[in-house]
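**Student:** Could you slot chain R onto chain V? The hints should help.
The residues making up each chain are set out below.
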Amino acid sequence: GAGVSQSPSNKVTEKGKDVELRCDPISGHTALYWYRQSLGQGLEFLIYFQGNSAPDKSGLPSDRFSAERTGGSVSTLTIQRTQQEDSAVYLCASTFAGTVNQPQHFGDGTRLSIL
Amino acid sequence: GQQLNQSPQSMFIQEGEDVSMNCTSSSIFNTWLWYKQDPGEGPVLLIALYKAGELTSNGRLTAQFGITRKDSFLNISASIPSDVGIYFCAGRDFTGTASKLTFGTGTRLQVTL
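If you read the sequences in order, they're chains V and R. To get my numbering, take the position in the first sequence, counting from 1, and add 192. To get my numbering, take the position in the second sequence, counting from 1, and add 8.
Hints are computed from structural coordinates only; laboratory data are not their basis. This structure is a prediction, so every number in the text was calculated from the model and none was measured. The reader is advised that the hints may include incorrect statements.
Computed list of lysine to any residue pairs in SDA-like fashion (alpha-carbon distance at most 25 Å, straight line) [unchecked claim]:
#1 V/Lys203 x V/Val266
#2 V/Lys203 x R/Pro47
#3 V/Lys249 x R/Pro47
#4 R/Lys78 x V/Glu236
Quick list of the computed label-pair ranges, beta carbon to beta carbon [unchecked claim]:
#5 R/Ala60 x V/Glu277: 31 to 41 Å
#6 V/Gly208 x R/Pro47: 21 to 31 Å
#7 R/Asn83 x V/Gly208: 39 to 49 Å
#8 R/Gln17 x V/Ser305: 19 to 29 Å
#9 R/Glu62 x V/Arg273: 23 to 33 Å
#10 R/Ala86 x V/Lys207: 17 to 27 Å
C-beta atoms are modelled at their ideal positions from N, C-alpha and C, and glycine is treated no differently.
Chain V on its own, in the form it takes in the complex:
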């Protein structure tokens, strides 16, 4: 499709399990971002990938969170040993970073529920 695609759209899992969330950015977009949105809250930055540069991981809340971006395209956000406070909507965004002011385009998110 033409937009950012995220899967799954919903994920329910038990506390302590690991989860993987996937993001397919818009074709040709070199920058990819992960955000977390808790219920009724704004978006919280998690991690940012730009081309082959080292990712900006400054927003990851703990070492249980990690992300990869393979081949400069698809990204996977992994949460290990999930906790109930990890329940949120995880949003991915991409942009063409050829110029500094390109706005980000968002996917519809993955709603994660930890039981």
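**Tutor:** Just chain R now, kept in the frame of chain V:
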């Protein structure tokens, strides 16, 4: 994480009324963006502002980049029911390249007939 102060938190207005919401920050930004989020969907970009003092329109929407670089407002004229949703401001600072945005806390808009 850091967030911008966005007000009001929610608005309940009648169709046809004008709406105004704003965002303030203690930090200077070089880009301001306004997004709208519908339930179950990701935020969709409405307006992007790149220059202090800039006033930009998109249909019934008008947004301005504050001259101090620390604030922005969004106006919606003649509101209609499909304007319902959550509106977020977002700022990008000088230290970033194409880096992370800082988001406001959102304004929930409800429109009645």
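**Student:** Does each hint hold? Answer for all of them.
**Tutor:** Tested hints:
Annotation: proposed proximity of V/Lys203 to V/Val266 holds, straight-line Cα distance about 19 Å (limit 25 Å). Distance hint between V/Lys203 and R/Pro47 is fulfilled; the C-alpha atoms sit about 17 Å from each other, no more than 25 Å. Under the criterion of a C-alpha separation no larger than 25 Å, the hint pairing V/Lys249 with R/Pro47 is inconsistent with the structure, at around 28 Å. With a C-alpha separation of about 19 Å, the suggested pair R/Lys78 and V/Glu236 falls inside the 25 Å cut-off, and the hint holds.
In this structure the hint that R/Ala60 and V/Glu277 lie 31 to 41 Å apart at CB holds, the actual value being about 38 Å. Checked against the given bound of 21 to 31 Å, the beta carbons of V/Gly208 and R/Pro47, roughly 30 Å apart, stay inside it. For the pair R/Asn83 and V/Gly208, the supplied restraint of 39 to 49 Å holds, since their beta-carbon distance comes to about 48 Å. Taken as a hint, the range 19 to 29 Å holds for the pair R/Gln17 and V/Ser305, whose Cβ atoms sit roughly 25 Å apart.
Checked against the hint of 23 to 33 Å, the C-beta distance between R/Glu62 and V/Arg273 comes to roughly 46 Å, which is inconsistent with it. As the Cβ distance of R/Ala86 to V/Lys207 is approximately 48 Å, the hint placing it in 17 to 27 Å is violated.
In summary, the structure is inconsistent with hints 3, 9, 10 from the numbered list given earlier, while agreeing with the others.
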